[in-house]
Each structure stands twice: as C-alpha cells, then as structure tokens.
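Produce the entire structure from the sequences given, and follow the hints as far as they go.
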Amino acid sequence: MKIIPRSLEGVFEIRLSPLSDHRGQFMRIYDESIFASYGINRRWIQENQSVTIHKGTIRGLHFQYSPSTEAKLVRVAAGAVLDVFVDLRKESPTFGEWDSIELSEDNRAMIYIPRGFAHGFCTLCDHCAVQYKVDSKFSPEEDSGIRWNDPLLAVKWPTDTPILSDKDKNLPTLDMFLSQNKRLDSV
Numbered sequence: 016m017k018i019i020p021r022s023l024e025g026v027f028e029i030r031l032s033p034l035s036d037h038r039g040q041f042m043r044i045y046d047e048s049i050f051a052s053y054g055i056n057r058r059w060i061q062e063n064q065s066v067t068i069h070k071g072t073i074r075g076l077h078f079q080y081s082p083s084t085e086a087k088l089v090r091v092a093a094g095a096v097l098d099v100f101v102d103l104r105k106e107s108p109t110f111g112e113w114d115s116i117e118l119s120e121d122n123r124a125m126i127y128i129p130r131g132f133a134h135g136f137c138t139l140c141d142h143c144a145v146q147y148k149v150d151s152k153f154s155p156e157e158d159s160g161i162r163w164n165d166p167l168l169a170v171k172w173p174t175d176t177p178i179l180s181d182k183d184k185n186l187p188t189l190d191m192f193l194s195q196n197k198r199l200d201s202v
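Just so we're aligned: 189 in my numbering is position 174 of the sequence shown, and the numbers increase by one with no gaps anywhere.
By construction, these hints were calculated from the structure, which means they are not laboratory data.
One thing to keep in mind: the hints can contain errors.
Said to hold, decoys possible - For lysine-lysine, the following DSSO-like pairs were computed, each having C-alpha atoms within a straight-line distance of at most 27 Å:
1. Lys105 with Lys184
2. Lys105 with Lys171
3. Lys182 with Lys17
4. Lys152 with Lys182
5. Lys70 with Lys105
6. Lys184 with Lys152
7. Lys70 with Lys182
8. Lys184 with Lys171
9. Lys171 with Lys182
10. Lys70 with Lys171
11. Lys105 with Lys182
Unchecked claim - Distance windows between CB atoms, simulated:
12. Arg30 with Asp158: 41 to 47 Å
13. Ile18 with Ile178: 19 to 25 Å
14. His142 with Gln195: 36 to 42 Å
15. Leu167 with Pro33: 38 to 44 Å
16. Ile68 with His37: 22 to 28 Å
17. Ser52 with Ser180: 33 to 39 Å
Keep in mind that this is a model prediction, so the values were computed, not measured.
Where a beta carbon is used, it is the ideal one built from N, C-alpha and C, also for glycine.
Listed below in structure tokens is the structure:
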C-alpha cells in the first residue's frame, strides 16, 4: 500500500499492492496504522456501494453540512470512474479548486477525501460499482451539493451530456449556493 498526497491539502491517493499466485489475488484495502502515519485517523461507521449501469453517468457533486460532514475513502470494485473532489473549506487557500483521479478495478487506486469537500464521479464504462467508507451517517437534513457543470469550477468531465438524477440536475452553482446559504462554514 502506497499513500500519495494530492494537490489539495488533506486528500490522498492510495495505491494498493495485490499479492498474486495461481489462486488469484489478495489485497489489503485498509490498514489503520498506515493511514494514521499520514494523519488519517478516521472511524469508519458506514460503507456504501453505488452501482451505475451506463457509461457517462455523473453522480454529484455532493456534501453534507455539520454535524454530518463526512470524510470518504473511495474505491472502484468494478469498472472505471473519473472521481472528482472540490475544496469547500472556506478558510482553505484552495477553496473552490478541484482535482480528479481515475479509479478503476484495474489500477486499484483509492482516494481519501477529508471533511469539507464536495464529491462526485462520472462513469467511464457501463456497469460500475463504487464503494466508499464514510465517517458520518447519511443525513437528509444536512445533504446538499453543487452543480456538476458549474462554469466557475469548470470541472473537466469526460462527457458534456451526462445521465443525471433529477436531484443533481437541480443543484445550484457554487455562487448561487453561497448567495442563498451561509451554512458552508459548517461543511
């Protein structure tokens, strides 16, 4: 397992190292002591799996307010996605900046996203399964998001015509969100 800091503070790429023999493979997905050596001391309380049928589907960009802000550890069990994360920490020097990584069953990469980020992904093929651990339970009252195609964020998605949920189609831009809502301090 190799942990690599990304350009946005607190975000880490994790490269898994499978052990292979004639039977197949074994991979350690999580090791508390290795993560702790990078300052990642989370208590994962829930693990989710999202299965997406069609290539070009975007889920996101989602986040939760305090007290339900959440860190995530994201990996792909089947298929491939472009995983995107946006810094929404108002005091951060990289507030409003985004980064992305391709996660796939072939590259065995994971991404650790700390609290204070919006998160989403676009499927790069049909039949993708994304698994993620979170350190806070889902709370409909604190659930929110920003629009996938916000012109100021200018995320470089691999499609201009994604498949979206009704919820994601109606999310505000970051500017609209900030002008209508002061709760971003608690992301």
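Here's how the hints hold up against the structure:
1. With a C-alpha separation of about 25 Å, the suggested pair lysine 105 and lysine 184 falls inside the 27 Å cut-off, and the hint holds.
2. Proximity of lysine 105 to lysine 171 is assessed by CA-CA distance (about 22 Å); at most 27 Å being required, the pair is judged to hold.
3. With a C-alpha separation of about 36 Å, the suggested pairing of lysine 182 with lysine 17 is violated against the 27 Å cut-off.
4. For the hint pairing lysine 152 with lysine 182, the CA-to-CA distance comes to about 19 Å; that is within 27 Å, so the pair holds.
5. Distance hint between lysine 70 and lysine 105 is unfulfilled; the C-alpha atoms sit about 33 Å from each other, more than 27 Å.
6. This hinted pair checks out: lysine 184 and lysine 152 have alpha carbons roughly 24 Å apart, not beyond 27 Å.
7. Of the supplied pair hints, the one linking lysine 70 and lysine 182 holds, its CA atoms being roughly 19 Å apart against a limit of 27 Å.
8. A distance of roughly 17 Å separates the Cα atoms of lysine 184 and lysine 171; the hinted pair therefore holds under the 27 Å criterion.
9. With a CA separation close to 21 Å, the supplied pair lysine 171 and lysine 182 stays within the 27 Å bound.
10. About 16 Å separates the Cα atoms of lysine 70 and lysine 171, which keeps this hinted pair within 27 Å; it holds.
11. Straight-line distance between C-alpha atoms of lysine 105 and lysine 182 comes to about 24 Å, which keeps the hinted pair within the 27 Å bound.
12. Checked against the hint of 41 to 47 Å, the pair arginine 30 and aspartate 158 fails, with Cβ atoms roughly 31 Å apart.
13. A hinted range of 19 to 25 Å for the beta carbons of isoleucine 18 and isoleucine 178 is inconsistent with their spacing of about 33 Å.
14. With their beta carbons about 37 Å apart, histidine 142 and glutamine 195 fall inside the hinted range of 36 to 42 Å.
15. At about 40 Å, the CB distance of leucine 167 to proline 33 agrees with the hint of 38 to 44 Å.
16. Between isoleucine 68 and histidine 37 the Cβ separation comes to about 34 Å, which falls outside the hinted range of 22 to 28 Å.
17. Taken as a hint, the range 33 to 39 Å holds for the pair serine 52 and serine 180, whose Cβ atoms sit roughly 38 Å apart.
Hints 3, 5, 12, 13, 16 from the list above are not met by this structure, while the remaining hints are.
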